[in-house]
Amino acid sequence: MIDNHVFPILIVITPLVCAFFVMGLYWVDKRLCLPLTILAISISFISSIITLYSVLTSGTIQYKLGGWPPPIGIEYRIDLLNGVILVIISFISLFNLFTSFNQVSHDFPEKKGTFYSLYLLFTTGLLGVVITGDLFNLYVLLEITSLSAYAQIALGDKKRAPFASLNYIFIGVIGASFYLLGVGYIYMMTGSLNMGDVAHLIHNLHHSQAIFVAFIFCIVGVWIKMALFPLHIWLPNAYTYAPTASGRIIAPLMTKVMVYVMIRLMYSVFGIDYLFNTLHISQSIIYLSSAAVLFGGIMALSQDNLKKMFTYIIISEIGYMVGGAWLGNKTGLTGAILHIINDVFMTFALFLSAGNFAWRIKDLSIHNLEDIFQKMPWTSTGFVVVALSIIGIPPTCGFFSKWYLILGAIEAKQYLFIIALILSSLLNIILFFRVFEKSLFSSKPHVMESKETRSYNLIEEAPANMTIGLLVIGAILILIGLYSGKIVSNLILPFIPKGL
Amino acid sequence: MELLIKEIIGKYNYWLYIILMMIGLYAIIAKNNLIKKLVGMNIFQTAIILFYISIGYKKGGTLPIIEIPHGHHTISPESIDISKYINPLPHVLMLTAIVVSVATFGVALAIALKIYKEYNTLEEDEIRMRLRGK
Amino acid sequence: MKKVALIVVILCGAILIHATSEFPKWGEINSPASLHVSPYYIKYSVEQTDVPNIVTSVLADYRGFDTMFETTVIFCAGLACFLLLRIFNDKEEETESIFYRHIPSGIIIEFKNHEVDIRDEDFELIDSKFVPYDLIIKTVCRILIPFIQIFALYVVAHGDFSPGGGFQGGVILGASIILLAISFNLKTAIEKISEKTLGVLSAIGVFIYAGIGCLCLILKGHFLDYGKLAKILPIDPVKARAIGMLGVEIGVAITVMAVMIIIYINIASQGKHQEGL
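Protein chains in written order, with the numbering used here: chain Z, 1 to 500; chain B, 501 to 634; chain E, 635 to 911.
Just to be clear, a hint being listed does not mean it is correct.
Simulated pairs of lysine-lysine, DSSO-like, Cα-Cα distance not exceeding 30 angstroms [unchecked claim]:
1. Lys64(Z) - Lys826(E)
2. Lys158(Z) - Lys821(E)
3. Lys30(Z) - Lys821(E)
4. Lys637(E) - Lys30(Z)
5. Lys617(B) - Lys854(E)
6. Lys511(B) - Lys659(E)
7. Lys854(E) - Lys64(Z)
8. Lys617(B) - Lys159(Z)
9. Lys906(E) - Lys536(B)
10. Lys584(B) - Lys158(Z)
11. Lys158(Z) - Lys906(E)
12. Lys906(E) - Lys30(Z)
13. Lys873(E) - Lys64(Z)
14. Lys111(Z) - Lys854(E)
15. Lys826(E) - Lys617(B)
16. Lys111(Z) - Lys617(B)
17. Lys536(B) - Lys637(E)
18. Lys659(E) - Lys559(B)
19. Lys159(Z) - Lys536(B)
20. Lys826(E) - Lys112(Z)
21. Lys584(B) - Lys865(E)
22. Lys330(Z) - Lys486(Z)
23. Lys830(E) - Lys112(Z)
24. Lys531(B) - Lys158(Z)
25. Lys830(E) - Lys111(Z)
26. Lys111(Z) - Lys637(E)
27. Lys821(E) - Lys111(Z)
28. Lys531(B) - Lys636(E)
29. Lys362(Z) - Lys559(B)
30. Lys559(B) - Lys511(B)
31. Lys159(Z) - Lys636(E)
32. Lys821(E) - Lys617(B)
33. Lys617(B) - Lys906(E)
34. Lys536(B) - Lys158(Z)
35. Lys506(B) - Lys659(E)
36. Lys617(B) - Lys746(E)
37. Lys906(E) - Lys159(Z)
38. Lys112(Z) - Lys865(E)
39. Lys636(E) - Lys536(B)
No lab work stands behind these hints, which were simulated from the structure alone.
Computed from a predicted model, the values in this text were never measured in an experiment.
The task is simple: from the sequences and hints, build the whole structure.
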């Protein structure tokens, strides 16, 4: 009989332990690597669902590692926010395995075991970052995530990926070190590393300059890792040239997890009182995020490569979430958290469709997408759903989070942010209809359809698992949209701290 | 004036780490050679390690290994003088940070080697020129 | 780029220097960092864990979870280097010839054919950029390496009582093999400890760590709660914590050793495992 309190630790430990076995199994039987990986992430997924369920029924869960009480040892603290994000991470990681196992066998025939091992470590790192309640533990896990991400990205496009990855390392290390330095300042002023404990101790230090600098460095470090404009320069190349199977999971999860870390630092460590009453920087951060939203949209418009266009959409979406979190009211934060959930699925679907297109067309330039609707009808259907969601058309989920963000901005009287949000929607409309125009309407004049041309127009879909995967995610996008009222009232609102 | 000098001398560990850190940061951003950038990255991380270690120091303290009196197997918590031993926590944290920086350095070197195989150069501007030329 | 760098550096430096005004003086005994959590470690380390070296007890017990992931970072770096650099079927390699050296006469024979395998005491396989062995270096290293390894084992085993522990010992152990690879050649080192062994060792090391943690979980404790090991060991929970830490340190040492060698071999030979430095 498994005790109920075991599940929080199982979420992180199973993928970790299985990563070692997957590596070892490679020499025994290559075929066993994938099933074991799936098994590991499934256990983690199930445990996270059970954990979320017990959070819903009995409130915040604490897990003391090594049996030591919190400020002495490390603790896991799971409330609604990270409970939900844990479920999403493990779900996406699991789902991505189903959609891209043939891609992995195609890309890394000889090093499959090692690749899956790295994949598991990446998942472990993300889950660990989200679940932990200790500032330094977060850093260590962040580095596991980043290190496996660097390596996975460097395996992509032979010419460009290593260079993109090395640039990512330089900037990523600066980001992580800034975070570490910020934690050092916090430690020096308070003497503790536990988030709850620090939040308690920081009350007396609101006017300390050292805490202010600690805050700046932590937040800037996290911004670098999440690629907020103008600290985004590493992102487009790194995500564009990553191998398909890794790009699909790194792109949606990495940045969103960092947004989560920012929200956690803001609301669970430094506290609302400090953020909005002592510091007077929220205004400038909202300007910054408005700039990020617009910059991402405009840069996306100027791209020719489909994947690169998507990476700029990510930068634009980061602006949404950061802005929402800094609006300083309930609606804005709700919108930001809802947008984290939605954006994970939207970005995942974007990269799924890019991967499916890439399976047939090697070069993903937009002018190569002609007639793609005839050739790959199912993938294109999924793509249209995602596009609508990103533009923000109901009933897809993108609409609802944008709605909350705009309401929050009106409440906070941040008109620039509202304008940025609306303009970005318009930009996205232009962006996607440019693609639709190319792909839906063939520029070639329709000649008499002889039998040869008809056979040329035959459907050439990506493998079934990829296509079905995309369609399932498309359906999820609509489902989340339809149930977003329930998600907000049951999962997000109880988390929102009092006093906002 | 005297206060300023006292301030500077009393906290010179912090000045040193800031100077080192800025050297590293400058090298990461401004240098053209990828290996030089890597070295800059290492200096940058080392500066932070130095900062942490200096937090842990106590004047007159010795290394954090409890001296058990001769002939005894254990020592009661009450008889330990806390100010005698320096703070162990920063040392532990930095052991982790050192390991992380070594691991990152190893991976970065591996990637740099891959770049060298592809382009036969490690100068950033040459690589960028070749990427643009394509 | 240089101007941007200068602006960033000056900005960061100014912010950092600005904050130092509030910092406690160097060596301040009553700084907040030395008053809140760390006195607990200093006071209760011996009583609760039976380990006088507080750094070890905090590293492997109070904050043992961090250390497990730290070891995982190392493992991850080894994996990454292998995955990025290792080349199995290199086409260029086939055009390269291999060299044998007749030891008594010093004559070097080049073979274009790759299938040649001479197993004779008078012949040895050498690198293309071969420099004749220096007798002094070879002999000194041969004498030194066993002592280095014994010292490494001492550092690992004595980590509870004196400065040392798994990381330091593992690095020394790895360095001894790397010294072998430098003073002789890479092939000699790989013959002693093959790639497969290294891969398995690097995984086993972290697995020992996580395994001990899981064992505590099975014994109805929290993860990494070594005190619960007393249920299966004939000692009291405090001593069991010390034993648990020792086990964990051994795991760390194994992983660190293996990964150091993996990184060295792959980077030095550019993933071909033919010739080193």
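Verification of the supplied hints:
1. With a C-alpha separation of about 43 angstroms, the suggested pairing of lysine 64(Z) with lysine 826(E) is violated against the 30 angstroms cut-off.
2. Taken as a hint, the lysine 158(Z) and lysine 821(E) pair is honoured in the structure, with Cα atoms around 29 angstroms apart against an allowance of 30 angstroms.
3. With a CA separation close to 27 angstroms, the supplied pair lysine 30(Z) and lysine 821(E) stays within the 30 angstroms bound.
4. Our distance criterion of 30 angstroms between C-alpha atoms is broken by lysine 637(E) and lysine 30(Z), whose separation comes to about 52 angstroms.
5. Taking the CA atoms of lysine 617(B) and lysine 854(E), the gap is near 52 angstroms; set against the 30 angstroms cutoff, the hint is violated.
6. Restraint check for lysine 511(B) and lysine 659(E): satisfied, since their Cα atoms lie roughly 6 angstroms apart, inside the 30 angstroms limit.
7. Distance restraint check for lysine 854(E) and lysine 64(Z): the Cα-Cα separation of roughly 13 angstroms lies within the 30 angstroms cut-off, and the hinted pair is therefore satisfied.
8. At most 30 angstroms may separate the alpha-carbon atoms for a hinted pair to count; lysine 617(B) and lysine 159(Z) meet this at roughly 10 angstroms.
9. For a cut-off of 30 angstroms, the pair hint linking lysine 906(E) to lysine 536(B) stands: about 26 angstroms separates their Cα positions.
10. The suggested pairing of lysine 584(B) with lysine 158(Z) is violated, with an alpha-carbon distance near 57 angstroms, which exceeds 30 angstroms.
11. Using a Cα cut-off of 30 angstroms, the hinted pair lysine 158(Z) and lysine 906(E) holds, with the two alpha carbons roughly 18 angstroms apart.
12. For the given pair, lysine 906(E) sits about 22 angstroms from lysine 30(Z) by alpha-carbon distance, which is consistent with the 30 angstroms threshold.
13. Restraint check for lysine 873(E) and lysine 64(Z): satisfied, since their Cα atoms lie roughly 21 angstroms apart, inside the 30 angstroms limit.
14. The hinted pair formed by lysine 111(Z) and lysine 854(E) fails the criterion: a straight-line CA distance of about 38 angstroms is larger than 30 angstroms.
15. Proposed proximity of lysine 826(E) and lysine 617(B) is supported: the alpha carbons are some 29 angstroms apart, at most 30 angstroms.
16. Restraint check for lysine 111(Z) and lysine 617(B): the C-alpha separation of about 20 angstroms stays at or below 30 angstroms, so the hint holds.
17. This hinted pair checks out: lysine 536(B) and lysine 637(E) have alpha carbons roughly 18 angstroms apart, not beyond 30 angstroms.
18. The suggested pairing of lysine 659(E) with lysine 559(B) holds, with an alpha-carbon distance near 10 angstroms, which does not exceed 30 angstroms.
19. Distance hint between lysine 159(Z) and lysine 536(B) is fulfilled; the C-alpha atoms sit about 22 angstroms from each other, no more than 30 angstroms.
20. Proposed proximity of lysine 826(E) and lysine 112(Z) is supported: the alpha carbons are some 27 angstroms apart, at most 30 angstroms.
21. Among the hinted pairs, lysine 584(B) with lysine 865(E) is inconsistent with the structure: their alpha-carbon atoms are about 36 angstroms apart, more than 30 angstroms.
22. Among the hinted pairs, lysine 330(Z) with lysine 486(Z) is consistent with the structure: their alpha-carbon atoms are about 16 angstroms apart, no more than 30 angstroms.
23. Restraint check for lysine 830(E) and lysine 112(Z): satisfied, since their Cα atoms lie roughly 15 angstroms apart, inside the 30 angstroms limit.
24. The straight-line distance between the Cα atoms of lysine 531(B) and lysine 158(Z) is roughly 24 angstroms, inside the 30 angstroms bound, and the hint therefore holds.
25. At most 30 angstroms may separate the alpha-carbon atoms for a hinted pair to count; lysine 830(E) and lysine 111(Z) meet this at roughly 13 angstroms.
26. For the hint pairing lysine 111(Z) with lysine 637(E), the CA-to-CA distance comes to about 43 angstroms; that exceeds 30 angstroms, so the pair is violated.
27. A C-alpha spacing of about 23 angstroms is found between lysine 821(E) and lysine 111(Z), which places the hinted pair at or below 30 angstroms, so the restraint holds.
28. Between lysine 531(B) and lysine 636(E) the CA atoms are separated by roughly 8 angstroms; this keeps the pair inside 30 angstroms, and the hint holds.
29. Our distance criterion of 30 angstroms between C-alpha atoms is broken by lysine 362(Z) and lysine 559(B), whose separation comes to about 65 angstroms.
30. This hinted pair checks out: lysine 559(B) and lysine 511(B) have alpha carbons roughly 13 angstroms apart, not beyond 30 angstroms.
31. A hinted pair counts as satisfied when its Cα atoms are at most 30 angstroms apart, and lysine 159(Z) with lysine 636(E) qualifies at roughly 27 angstroms.
32. Using a Cα cut-off of 30 angstroms, the hinted pair lysine 821(E) and lysine 617(B) holds, with the two alpha carbons roughly 22 angstroms apart.
33. Restraint check for lysine 617(B) and lysine 906(E): satisfied, since their Cα atoms lie roughly 13 angstroms apart, inside the 30 angstroms limit.
34. At most 30 angstroms may separate the alpha-carbon atoms for a hinted pair to count; lysine 536(B) and lysine 158(Z) meet this at roughly 23 angstroms.
35. Pair hint lysine 506(B) plus lysine 659(E) holds up; C-alpha atoms about 10 angstroms apart against a cutoff of 30 angstroms.
36. Restraint check for lysine 617(B) and lysine 746(E): the C-alpha separation of about 24 angstroms stays at or below 30 angstroms, so the hint holds.
37. Under the criterion of a C-alpha separation no larger than 30 angstroms, the hint pairing lysine 906(E) with lysine 159(Z) is consistent with the structure, at around 20 angstroms.
38. The suggested pairing of lysine 112(Z) with lysine 865(E) is violated, with an alpha-carbon distance near 40 angstroms, which exceeds 30 angstroms.
39. For the suggested pair lysine 636(E) and lysine 536(B), the alpha carbons sit about 14 angstroms apart, so the restraint of at most 30 angstroms is met.
Of the hints listed earlier, those the structure fails to meet are numbers 1, 4, 5, 10, 14, 21, 26, 29 and 38, in rising order.
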